[in-house]
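J.: Chains as they are written, first to last, in the working numbering: chain A, 567 to 711; chain B, 96 to 494.
Since the hints were derived computationally from the structure, they do not count as laboratory data.
Careful: at least some of the hints might be erroneous.
To be verified - Computed cross-link-like contacts, BS3-like style, restricted to lysine-lysine with a CA-CA straight-line distance of at most 27 angstroms: (1) K593(A) - K319(B); (2) K118(B) - K293(B); (3) K300(B) - K569(A); (4) K629(A) - K147(B); (5) K591(A) - K629(A); (6) K431(B) - K692(A); (7) K384(B) - K147(B); (8) K147(B) - K591(A); (9) K147(B) - K569(A).
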Amino acid sequence: MDKQDFIKHINKHFPDDVIDTTINKEKRVTVDIKPAAILKVSGHLFNELELRFIIASAFHTKKGFEILYHFSDDTEGNIINIHVILPEEKPEVESLANMLSGANWIEREMSELLGITFLNHPEPEKLISEGNWAEGVYPYRKNFK
Amino acid sequence: MANRKIIPVGPYHPLQEEPELFKLYCEGETVKDIKWETGYNHRGIEKLSESKTFEQVFFLVERICGICSTSHPFAYANCMEEIADVEIPDRAKYIRSIIGELERLHSHYLWVGLAGHFLGYNTVFMWAWKYREPILDMFEIISGNRNSYAMFKIGGVRRDVNQNQIDQLRKVMNQIKKKNDLLTGAVMDDPVIHARTKGVGVLTKQDVMDYAAVGPTARASGWKIDIRHDDPYAAYDMVDWNVITAQEGDVFAKAKVRLLENYESIKIIEQCLDKLEQEPEGNTEVKVKEIPEGIGTGHAEAPRGEVFHFVKTDGSNSPVRHKIRAPSYVNIATFKKSCVGQTISDATISLAAVDPCYCCTERMAFAYDHDTGKKIYDGNELVQLSQKKTEEIRKTYKI
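Construct the complete structure from the given sequences, taking the supplied hints into account.
T.: Encoded structure:
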């Protein structure tokens, strides 16, 4: 699907959930959505539009915890970034891992590195620091004070 | 359930080149479940990247993986050039593609050799690694290094390829073509290899889509995805080549895809060499003075599949966030599908079939306390922790 068509499509299907859409470059689109809608928007991209889940990138900013879920439209070569901002005091978002096994590890990794909680994750165990990491220490968090 | 036994493979095991722990949950000879424990190799590269300048990051990401040391700089360069909005000269594009395909050739030979070794075919191992040597020699001739070639920079490549090197590359490609015929024949026509690999470790197209697998692992299950074709970069849309796929999804299909991809790589290199001769020498880069604020997503097709880099910049000379996704990160997770239901002896080749690369998958070395900034573990302590854990596992399993 062409990127302009994609933007129309996503605005039409999720008028209450999409906050903003940006065309970053020729083949790159970012869609800002409400965190509560992540499961249904991602489910639509994966099941209906058959986009490939690449990975998610999380980072800590002054706005809170931001996650970009990267999807690839391999027929067009477009990368679609679904962007959510989680509040600093309660970084929680629904897990995609029940629908999409490829999200299982990265959600566990984001949880360990940034302390984001993924609700209803099927396997909420540590991935990279099992048994050898201090509890409550999140190395990728930043101190903005 | 009563007779379920756990067979640990790792953290240090002669089967694996790198430390990792697979727990095979077996009933009799059959693997019923599999769990993967890691963290032994995590070096903090994503975090380290935030303390480097954009140019220094090339040398850092090149050291993520020794086997595909150009794949990460390739994806990173694509990412940064997207942020800077730069178009590199054609000569640089051809050189990048040549380096990328030479790497694919040597990596696929390395895998075929290792797969042969796991199956007890040490002749295949010796042959494949012998044929890989001239490719590594070519890297040395072009870049000065057999590994970690340091060829890429934002806006182009660091070194040109001269006429003498073009002639030598042509000679090596002619040799490799014959050797590839020999090796492909040896693997494709051997009834014992068929018996050991056909119908073993099968992944359906639905499985690979669900686990978001990439590269030969996905293509061997009939999913035609290849970043070089889908979102062309460097010179891949300027030459003629085909995406290789297979339908069966078993270990044999994965071997077939890799062996046939070698021919495509040779085809790409030869066409790039022809075009390189028509380009003026020395036109290998455009100057990039500053990187603006923004986000970039760059990907490249490594031998194992798509390498993905995400960089967020703020107008300074270092990344604010650098996320790296190596292909093994998504491919290794498919073990849950490919190994369950196999016998223990087949599980090992199923594990090896995705060509797992653990040093790509993990990236952390230091832990700091968030509030005090005090170091909790340093590299040595982490090594000691790792060794201690091995001892504990040994005691648990009474080995």
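J.: What's the verdict on K384(B) and K147(B), does the C-alpha distance respect the 27 angstroms limit or exceed it?
T.: Holds, at about 17 angstroms.
J.: Taking 27 angstroms as the top limit, are the C-alpha atoms of K118(B) and K293(B) close enough?
T.: This hinted pair holds, its Cα atoms lying about 24 angstroms apart.
J.: Quickly compare the C-alpha distance for K629(A) and K147(B) to 27 angstroms and report which way the hint goes.
T.: 24 angstroms, holds
J.: Mind checking the alpha carbons of K431(B) and K692(A) for me, to see if they're no more than 27 angstroms apart?
T.: 17 angstroms, holds
J.: Can the restraint linking K591(A) and K629(A) be considered satisfied, given a maximum Cα separation of 27 angstroms?
T.: 24 angstroms, holds
J.: Between the alpha carbons of K147(B) and K569(A), is the straight-line distance 27 angstroms or under?
T.: Roughly 34 angstroms between the alpha carbons, so the hint for K147(B) and K569(A) is violated.
J.: With a cut-off of 27 angstroms on the C-alpha distance, tell me whether K147(B) and K591(A) pass.
T.: The hint holds at about 25 angstroms.
J.: Are K300(B) and K569(A) close enough, with their CA atoms no more than 27 angstroms apart?
T.: Holds, because 26 angstroms separates the two Cα atoms, which is no more than 27 angstroms.
J.: Next pair to validate is K593(A) with K319(B); report whether the Cα-Cα distance is within 27 angstroms.
T.: 20 angstroms, holds
Violated hint: 9 only; the structure is consistent with all others.
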